[in-house]
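Trainee: Each chain, written out:
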Amino acid sequence: MTSIAIIDYGRGNVRSVFNALDYIGVTATVTDDPAVIDNASHILLPGVGAFGDAVDALKARGLPEVLHRQAFDKGKPFLGVCVGMQVLASKSYEHGEHAGLGWLDAEVRRIDPGPDGLKVPHMGWNSVTPTRAHPLFDGIKTETLVFYFVHSFAVTTEDADKVLATSDYGKPFTATLAWDNIVTTQFHPEKSQDSGLEVLTNFTRWNP
Amino acid sequence: MLKKRIIPKFLLRDGRLVKYRQFFDDERRAGNPVSTAKVYNDYGADEFIVLDIVPSEESKAKVRDIVKTMSEEIFMPFTVGGGVTSLDDVNGLLRAGADKVSVNSYAVRNPSFVAEAARAFGDQCMAVSIDYKEVSPGVPRVFIDGGREKTSHNPVDWALRTQDSNCGEILLTSIDRDGMMSGYDVDMIAQLDEQLDVPLVVSGGCGGLQHCIDAFASGASAVAISSLFLFTDHSPIKLRSHLVSNGINVRASKTSRN
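Taken in order, these protein sequences are the chains called E and W. The first sequence begins at 1003 in this note's numbering and counts up one residue at a time. The second sequence begins at 34 in this note's numbering and counts up one residue at a time.
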């Protein structure tokens, strides 16, 4: 049976993720308990706040090893959202230089306002363009692949095969990563109305 | 590209939806905030703003309950504010389901607070709300305490200063235009947008669909709307389709299933 562990590392609004999963009828637990996480079928790492702070909070609870075991040894479906996506990178430049969990070769850099003086944070609804088919976007109409973003930093990776979708803000940036049993979204599915609920539903049905 | 946003703004007094003109005149009761929010959710609004306009400890607890209830069934971003004077207040609202917390009077009284809260909860969580009114022709000043107390700040200077405290967004409200439905203060919007690096949400004066087009043309990232939705037959659906047909980049529809 599907049961989702929403990883609680004492930061941000994890309640919204729980509410969204509850609304679509999926059993979820907000937890930092390794035993509960071990028993879950799917892992969801939410995220709000600053990169360094999030990594420190995960480490203080011994969670990086626990999460690594779930994703790599047990191969459970894993979803990282926003900062929960960014912390998987090797390095971030948010408020100084910080090492991430290093699950992929990627860096997190501040969004460049560019010559048009774009507003940062990139805040609001933006359309997302998949680079290939993936169960995460199953059944969602192309014109409604529009999701809510709120971030000042974005993930850049040379590992182009892992980029599942991009979005555009002055130039393309990474909106979604996917490899093996791991997916991530820079946008907030739990705040993206029907389209976001569809993504969460697809994740909970995913059996890679 | 990033879409322009349509944001219903809810003013709460003792937990009930209310609306005035120019902040104090002509109080009209506008119903239950939760059921109204559900309707706007079905209509595909992009976000909500919820402001407690006469905050007390009692009303703040009610607002947390209302936000908690809303966030159980409505999956879009909420900005919530009113009487925020501590990191505990910010945390309480975030934990209730708010995504952004709006600070107004306390940002003026304690200028280091927004930076402190941004450090604790992330820049994107902090929205600074600025209410202003012309005190003589061509002289706008920031007002605090729900428009009761005048300050010496010019709204543009104040917005630029608060941006330096790492707030993620500015909510700009013209007291003169509040509830008057005669159009946004497009000159002020254009002047501020020109200099601002963070998104600008504008409020005060929306009375017709063209007013939103004018605000976006002046540089607003989002329009906050109360009277137009509460007291006319316009809805977020109607506004959205009007904006789309006028070439404004907004979400076209919220339905997602094939």
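By construction, these hints were calculated from the structure, which means they are not laboratory data. Using N, Cα and C, we set each Cβ at its ideal position, and we do this for glycine too. Keep in mind that the hints are not guaranteed to be accurate.
Which residues of chain E face chain W? A partial, calculated answer using Cβ under 7 Å [claimed, not checked]: (1) 1015; (2) 1017; (3) 1021; (4) 1050; (5) 1052; (6) 1061; (7) 1065; (8) 1125; (9) 1127; (10) 1131; (11) 1193; (12) 1195.
Trainee: Provide an ascending list of the numbers of those earlier hints which the structure does not satisfy.
Mentor: 6, 7 and 10
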